[in-house]
Amino acid sequence: MSDFTYATGKRKNAISRTRLYAGTGQITVNGRPFEDYFPRKTLQMVVQQPLKLVKMLDKYDIKANCCGGGVSGQAEALRHGIARALCEIDPELRAVLKPAGLLTRDARKKERKKYGLRGARASFQFSKR
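With the first letter of the sequence shown counted as 1, position 108 gets the number 230 in the numbering used here; the numbers rise by one all the way through.
If you are wondering where the hints come from, they were derived from the structure by calculation, not from laboratory data. Idealized CB from N, CA, C, for every residue including glycine. You may find that some hints are simply not true.
What the hints assert, rightly or not - Restraint-style ranges between C-beta atoms, simulated for each label pair:
| # | residue 1 | residue 2 | range |
| --- | --- | --- | --- |
| 1 | Ser249 | Asn152 | 21 to 27 Å |
| 2 | Met167 | Ala217 | 18 to 24 Å |
| 3 | Gly192 | Lys250 | 28 to 34 Å |
| 4 | Lys231 | Asp180 | 31 to 37 Å |
| 5 | Arg216 | Gly238 | 19 to 25 Å |
| 6 | Gly238 | Gly147 | 49 to 55 Å |
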């Protein structure tokens, strides 16, 4: 079980180091089944999206290490990593994954707080008198 395909997925501050092995469709995140790690059904669907798109749900075992960010960001980072690894295995899958937007790194991050303001753009409440 040593031959695998490796890819890194990123989203916001979350990073997912993803390894794809030939197998039966088991997904493990940080040593736990992904159903336990991502309890919400929507996040589970996000993780499986690239595999469903190329109809390979039960062909690969996935082991991933996710760190940083929140649960949602980690799920999308894992999706990005899986899509990149699938492209490395079979470059022909790029034609399916690219139009679906799964290979594009979502560069949106949290905007920094500005000095003199309450948040990135939110200001303190203004009182005329």
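How the hints compare with the structure:
Between Ser249 and Asn152 the Cβ separation comes to about 49 Å, which falls outside the hinted range of 21 to 27 Å. Between Met167 and Ala217 the Cβ separation comes to about 23 Å, which falls inside the hinted range of 18 to 24 Å. Judged by the Cβ atoms, the range 28 to 34 Å given for Gly192 and Lys250 is violated: they are separated by roughly 39 Å. Lys231 and Asp180 have their C-beta atoms about 35 Å apart, which keeps the hinted 31 to 37 Å range intact.
Taking 19 to 25 Å as the suggested C-beta distance range, the pair Arg216 and Gly238 does not conform, at roughly 46 Å. Distance hint check: the CB atoms of Gly238 and Gly147 are about 53 Å apart, consistent with the given range 49 to 55 Å.
In summary, the numbered hints that this structure violates are 1, 3, 5.
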